[in-house]
Amino acid sequence: MKSMRQVLLEEDNPAKAPPAREGSAGRRLQSSRASGGNPPWFTSGGEDILDIPDLTSKARQQTSDRCDPRLVRRLNVFASASAGFAVAVGLLGLAGWELHIASLDTWGIPPVRLVPNTAASCILLGVALWLLRREKEEESRQPFAGARKLIARISAAIVCLMGVLVAVEHICACDLGFDQLLFAVPGAERMPGLRPGLVASSSACAFILLSTALLLLNYKTRRGIWLAQYLAFATAIVAIFGFFALLIAPSVSGLTMAFPSAVAFLVLAAGLLGSRPTWVMGGLLSSQSAGAQLLRKVVPLALLVLTLVGWSISKPLLTEAHFTWVQASILAIFCGALLVGFVTWIAFIVDRSDTERRKAEEALGVSKEDADRPLGRLEEPQAEAQLRRNVNLGFAVAVLLTSLLAFLSWRAAHQAEDDAAWVAHTHEVSTALETMLRHLDDVETGARGFALTGSEPFLEPYKTGKYAVAQDLQTLRLLVADNSDQRPRLEPLQAEANARIESATNVVTMRQNQGKPPTEAQMERGEQLMDAARSTIAAMEDTEKHLLEQRTQRARAATRFNISIIALGSLLGVIFLSMAGFTVSREVGISARARAQVNTLNAELEHRVAQRTAALGDSEGRLAGVIQSATDSIITVDEEQRIVLFNSAAERIFRCPAAEALGQSLTRFIPQRLHAAHAEDIRRFGHTDVTNRAMAPKGLLWALRADGHEFQIEASISQVVTGGKKLFTVILRDVTERVQAAEARERLAAIVEFSDDAIISKTLDGTITAWNHGAEKVFGYTASEAVGKKMWMIVPPERASEESDILAQIARGGSVEHFETIRVRKDGTHIDVSVTISPIRDNNGVIVGASKIARDITDRKLAEGAIREQAQVMDSAQVFVRDMESRVVYWPQGAEKLYGFTSQEALGILSHDLFHTQFPEPLETIEKKLLETGMWEGELIHRKRDGGTIVVSSAWALHRDSQGRPVRILETNIDITASKRAAEELSVQASELALSRKALEAQTAMFQLVLDNMGEGLVAADREGHFLIWNNSAKKLMGRGADDLPTEQWTPHYKIFLPDGITPYPPDRLPLVRALHGESVRVELMVQPPENLPGKFLEVTARPLSDAAGGLCGGVAVLHDITERKQVETALAGQAEELSRQAEELIRSRQALETQALMLESVLDSISEGLVVANEKEKFVVWNPAAERILGFGPTKLPSEQWPAHYGFFLPDTVTPLLPEQDPLIRALHGEVCTAEMFVRNPKTPEGVWIEASASPLIDKNGITRGGVIAFRDVSHNKVAEREIHQLNDELEIRVLERTAELKAANKELEAFSYSVSHDLRAPLRHISGFSQLLVEEFGATLVPEAQRYVERIQSGTQRMGLLVDELLNLARVGRHALNPRVTNLNDLVAEVVTMLQPECEGRQVEWVIADLPPVDCDPILVKQVLQNLLANALKFTRHRAPSVIEVACGKEEEGHPVFMIRDNGTGFDMKYVDKLFGVFQRLHSAEEFEGTGIGLATVQRIVHKHEGRVWAEAEVDKGATFYFTLGAQTEAKSKSNGATAGGQR
Amino acid sequence: MSSEELDILLVEDSPEDVDLALHTLEREKLANHIFVVRDGAEALDFIFCHGAFTHRSFEHPPKLVLLDLKLPKVDGMEVLKRIKSDPRTKTIPVVIMTSSKEERDLVASYNLGANSYIQKPVDFDQFRETVKTVGLYWLVINQPPVMEDQQHLAGLAHDRH
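Chains as they are written, first to last, in our numbering: chain A, 15 to 1560; chain B, 5 to 165.
Treat the hints as calculated values from the structure; they're not laboratory data. Treat the numbers as computed from the prediction; the structure is a model and nothing was measured. All residues carry an ideal CB built from backbone N, CA and C; glycine is no exception. Be aware that one or more of the hints could be misleading.
Calculated cross-link-like contacts (lysine-lysine; reagent style BS3-like; alpha-carbon spacing at most 25 Å) [what the hints assert, rightly or not]: (1) Lys-105/B <-> Lys-1438/A; (2) Lys-1450/A <-> Lys-1533/A; (3) Lys-136/B <-> Lys-33/B; (4) Lys-1322/A <-> Lys-85/B; (5) Lys-105/B <-> Lys-1318/A; (6) Lys-77/B <-> Lys-1322/A; (7) Lys-105/B <-> Lys-1322/A; (8) Lys-559/A <-> Lys-136/B; (9) Lys-1520/A <-> Lys-136/B.
Which stretches of chain B does chain A cover? Using the computed rule of at least three CB atoms under 8 Å from a CB of chain A, they are [to be verified]: (10) 99 to 106; (11) 117 to 129.
For each label pair, taking beta carbons as the anchor points, the in silico distance ranges come out as [said to hold, decoys possible]: (12) Glu-1468/A <-> Tyr-114/B: 33 to 41 Å; (13) Tyr-1487/A <-> Tyr-114/B: 14 to 22 Å; (14) Ile-145/B <-> Glu-1468/A: 48 to 56 Å; (15) Tyr-114/B <-> Phe-421/A: 54 to 62 Å; (16) Tyr-114/B <-> Ala-1405/A: 21 to 29 Å; (17) Glu-1366/A <-> Thr-95/B: 42 to 50 Å; (18) Tyr-114/B <-> Leu-1349/A: 35 to 43 Å; (19) Ile-145/B <-> Leu-1349/A: 56 to 64 Å; (20) Arg-1363/A <-> Glu-63/B: 48 to 56 Å; (21) Thr-95/B <-> Leu-1349/A: 34 to 42 Å.
For reference, chain A alone in the conformation it holds in the complex (with noise of 0.2 Å):
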């Protein structure tokens, strides 16, 4: 078992054999050890990796899992009962043997025996494989193991040995002697044609394979194939073989098996494969698995189908002799084999398929019915659930189909078993009409034989006849009781038949009696009564002839139909089968392509966990290293506090080595004071998930050094459970340099902080990082809009470099000091500010940013700016005061720069004085409102110190003391001269303007109205293309208005053309256009006006525009309408052509007048056509020299009725004169066209001449005859040659007839011939045939055989004579024959030929294919001879083959005929004679190879050619032969005009 454990393992799948589990298990233990170096807080859960899976365990599983032990058990049993039933069968039939009781040896199935031989061996196999029947482990184990195996080997080596002498006796056909070894067997014993004893040819095959397979019981080759079963298999094929030889064709000598023997091998044969069950087919027959248990299931039941459905059609298949047994059998057992096989082959698909699903189950580490479980919950994905409806709806169908056609060939069989019962019964009846036939003539021949010789042996055959008439008639009767046809005949034929026995028994009993002769008139009567049965008797056997040809059909025909079913459902199985085969393998191999997937991801998996094993490894040191350099110190504590970790870092801080630590509690580094707190949050610390956290908030945390110091820590807590315990970690930080660094910066923030000045802190590259709240306040911006962005954002944009080059100051270690700048606030303001910029450095003293503080100094300035402005304003202000008496007594500077006074002048004088004033009121009303109101405001004029006056805008205003006193004058004077000055010209200006502004619109509208009314077209634009003016006639020539357009759209919306009117002007040479681009131009062109008025032809002048500096801006065109100077210059044109046209036309039919009446004269000299001319009054005008030439005379003076007696005319007859009315030209000038053939003969012409003459009258203008012309030519050269035709003609006629003639009387020659010698030819030969056949018939006793034989040739030479000259006479016939076509069905033609030929075809097995030929036009009859012909020889030269093949076809067409095809599969010739092939008497093959006259094809090319068709053949020697033909080309018309006829026929 062991071993075969490992084979399976290594079969099934060999990545997952046992080492390289192992391997990876072994890699998984290293690992962990690895991990077993780790910090002790680490191994706790180390254990849990190591799961390593028993794989050895499960392997074993798994192959117990394949081979069902009670299975095996079972099939070990079967091979020990195997082996004890074969020992069991020999025995047997030795015993049947030596006590003589034959049935011991065939079992009920004679008639083959079991011989002794067979027997003996069946013996040693039995116990052969009795001994080898254990595996050889537990063999081994067994006692006298290496016996039991020497006496087995022995055994099997015994019956091999026997076998291969059998197989060589067989061969060689000798007697080794060995025979009857070992009992002396009777001849009758054995079949008829082997010696008794002899072992059977097949018996001797499966002694050899099975003690072979015996032999090799043990051994397998290296891929682990087992031999013997294969030997095994064998020899249940050849069983199989022997016991259908046995049951079918026993007689068959040398393959039958005795019962006994077959039964016995098969036994054997199981058993063998039974002794080592695991292994047959790789351990499938044994196995668990599904498709295991599909082959158990499916192959017996396969066979058993195969079997019924075998055995239901066998007995037609042989009756019908279609098969012999040998093709039977190995039939069947090909298809069994090919089941078996092909079930097996299903069944190791599904085999592998449900190992690799069982694997993949096993892999996920599901357990089978885990697996089942949710699996049959699981939904059916759509896809398979269809597939599986697809595959059981084929199935369902596939069964459906094959139950349908077995039902079919077991329908089929019992008709073909019936139909050839019939046939069977049909002969018995034929065979008993003849038989009773036999014995009414034995009972006439003796009666007559007795009566006239008296010879008693002649009463023998006459007695025993007499009551074998009466015993058949009975037959018949029993016979023909079903067939309605023949009993009533039977009655007759009893009356005749008993008549002429009664006859028969009066002579015998006459002879007997009264010993005389029977009399003539006896005889004959006997002799009638004989006919009247014979023919009885003939009609009888007709019938039954009749009924055996319709029998047998229709037998054929069952038979078949049932083989058409056979082969329909083995190719439906085959089919049905693949297609099941084949969606199987595509289901193994989907679900291999997912196995493959899962074990890709399981390897993915392993190779992530390795990594990941790996990596937790390195980062466990890593974390060690880490711990130990911490520059925090790193405290683990348990749940007791204990420390169980504290690095170098806490040493260093709490100043105690870790030795001591260790395995303390936490408290002693934790005050007094808070060891109550600490404890409650470790412990809240510890019911929390959180694994993280900060200890307590900042500046809470104390703890205590070794030295008893108290310092503030800063620490973080986390906790880890491992292994069921809970370890907390914190880490600490001594902070209490960091809290009084931080106290003091705080205290210095808050400084900064609540500062007025805005403190900024910023970066080198000007970025802010601090914003204090006074640079809130002074900015605007709150700290957390400004910090981050850049410093200018409040920097003014015209200052921005100022900034940068503060921060380059600052970056090179300078600071600035109370700057003084502007900055902008963030509602936009600008403000003063002083700045104060001093570098930031770090710890380093590297310079990192600076800070600013700025102070608003915005308020400062202001004020500042203000006092200044005052002062400004006070010193330019023409401003004075004067007291109430208009002294002046302040004179600013102002005031002295207007008026030209130093304050030195101008103080204490009065002002009125001083400045010569002019007001514009009288003063008094002046001061009065001054008075009242404390203000006055005017103007005045004043006077300069240099003389010049002023005009000033002057304010008064009075300044009253503390108790309202007014005490002095606050005089404001503003020099307006200037304004006052401009304002008088401004509306000088104006008022021109006015002016100037109507003159303008005048002109305007005057420009306009004679651009409206001027004739011509006025168009301007300015510079882009608008319009600025388009004037009404514009409007007109245009036909349209100004309408803004692109410039490129004018021509196209103008309809502008060239003047040609046709070709539209290019839109960017339209002068407009041009005139834009600062051109000058004139140019003609023509506008289409809408509504389809006629053109106008416009002559357009334009210019460019330019304004005052000279600058293009804007083009004019003036249009001016040249319409009519066109068409007048048109018309003056065409005139002056039409003038000069017509005098060349002048000049040039004058020329060709003069040339036309050169040529006319010289035509008329050189024509050879006389011609004559002659003038109403009869008088020649033209004679040409043709005319003198023909008629032999000039022009005559004569009158005209002496004409034709002047020139000869006559007419054609040559010899009755021409009457002057005849005459053509007289007849011309008496108005009339003829023409004439006449003959001329005069002195000057005396052999003659005919002309043909055409005469016309000359008509002028006005339809009056003013002469004639006549025209003629000599023809005496046509009528010479036509009166030789003529002659010729005649001749030709005559001899035709001759001919004719000639040939009638040849061809009614030939055909007395023909009859003559169809007639005459025959008869002779008939006659020698008869003579000699009757020499033979009434001398042949008295012959010698020579004398005979010579007679036989006699016969033989008249019949040849005959058949040659039959066919020689067809031959000439056809010749003759008239060919009379019509549309004839070729088909019908060739069933009648072949029916015909039908005789010829008895006992043939002849194979007719005939297409479907279209309808030719041909003579039928010749046609069908030529079909005879052809079949007949296709027939002839088939003879041999079996079966013979002829098929008809219509090849495709040549010249548009259709080529008939007649092929055969026959001897065929050698296309070397082809030539020779339609001659006459030629012949390819040897009269006595096959007869015939070599007429045939001749006959056959002389009518297909008389069809105007082409005839050929195509053959190989012993590939058989085509003929070709064609029918020709009338045929082919007619039958196309009959086309429809033709077609409507069929």
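Please arrange chain B on chain A, whose structure you already have, making use of the hints.
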């Protein structure tokens, strides 16, 4: 030979053919009474009871006339024509038995009312078979018209003369 028992009138000029035919007919025992004439004229005389055969009467026509076509004096076709065109004799079965298989002979014979047309086979066995079949058919199987009708017809024909 009594005229009322005549089975076959064989019209044949070739003595060999006569011999062979007779031999066959006798062998097959088909006809006991056969009369042989050697040319067309004699055949006409026999049938129409002229010349040497004036003693014959129309009442006993031969059951079958086997007629060759190629005959001396009067052609077989002529003989056939005469037989078939006379109401007294036209019911007599005439089988043309000749060496020729000429189409026109065939057509002409049937057109003239021949009851059958047989080509004499060259092979003697076939010839014998043919003669036998012909004899069997016309003398045994075929039902001849009733004699009274024939006589009546004959009478009519006489009246017309």
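Against the structure, the hints:
Between Lys-105/B and Lys-1438/A, the direct Cα distance comes to roughly 17 Å. Compliance with the 25 Å bound is thereby established for this hinted pair. As the CA atoms of Lys-1450/A and Lys-1533/A are separated by approximately 14 Å, the hinted pair is consistent with the 25 Å bound. Under the criterion of a C-alpha separation no larger than 25 Å, the hint pairing Lys-136/B with Lys-33/B is consistent with the structure, at around 9 Å. Taking the CA atoms of Lys-1322/A and Lys-85/B, the gap is near 24 Å; set against the 25 Å cutoff, the hint holds.
As the CA atoms of Lys-105/B and Lys-1318/A are separated by approximately 23 Å, the hinted pair is consistent with the 25 Å bound. Between Lys-77/B and Lys-1322/A, the direct Cα distance comes to roughly 21 Å. Compliance with the 25 Å bound is thereby established for this hinted pair. For the given pair, Lys-105/B sits about 18 Å from Lys-1322/A by alpha-carbon distance, which is consistent with the 25 Å threshold. Using a Cα cut-off of 25 Å, the hinted pair Lys-559/A and Lys-136/B holds, with the two alpha carbons roughly 22 Å apart.
A hinted pair counts as satisfied when its Cα atoms are at most 25 Å apart, and Lys-1520/A with Lys-136/B does not qualify at roughly 40 Å. Note: the segment 99 to 106 of chain B has 5 residues with beta-carbon separation from chain A under 8 Å; the three-residue rule is met and the coverage holds. A stretch counts as covered by a chain when three or more of its residues have a beta carbon under 8 Å from one of that chain; for the segment 117 to 129 of chain B and chain A the count is 6, and the coverage holds. Checked against the hint of 33 to 41 Å, the C-beta distance between Glu-1468/A and Tyr-114/B comes to roughly 40 Å, which is consistent with it.
Distance hint check: the CB atoms of Tyr-1487/A and Tyr-114/B are about 43 Å apart, inconsistent with the given range 14 to 22 Å. Taking 48 to 56 Å as the suggested C-beta distance range, the pair Ile-145/B and Glu-1468/A conforms, at roughly 52 Å. Restraint check, Tyr-114/B to Phe-421/A: a C-beta distance of roughly 57 Å satisfies the suggested window 54 to 62 Å. Checked against the hint of 21 to 29 Å, the C-beta distance between Tyr-114/B and Ala-1405/A comes to roughly 25 Å, which is consistent with it.
Restraint check, Glu-1366/A to Thr-95/B: a C-beta distance of roughly 44 Å satisfies the suggested window 42 to 50 Å. Evaluation of the 35 to 43 Å hint for Tyr-114/B and Leu-1349/A yields a pass: the beta carbon distance comes to about 37 Å. Between Ile-145/B and Leu-1349/A the Cβ separation comes to about 32 Å, which falls outside the hinted range of 56 to 64 Å. For the pair Arg-1363/A and Glu-63/B, the supplied restraint of 48 to 56 Å holds, since their beta-carbon distance comes to about 53 Å.
Here the CB-CB span from Thr-95/B to Leu-1349/A is close to 40 Å, well matched to the stated 34 to 42 Å.
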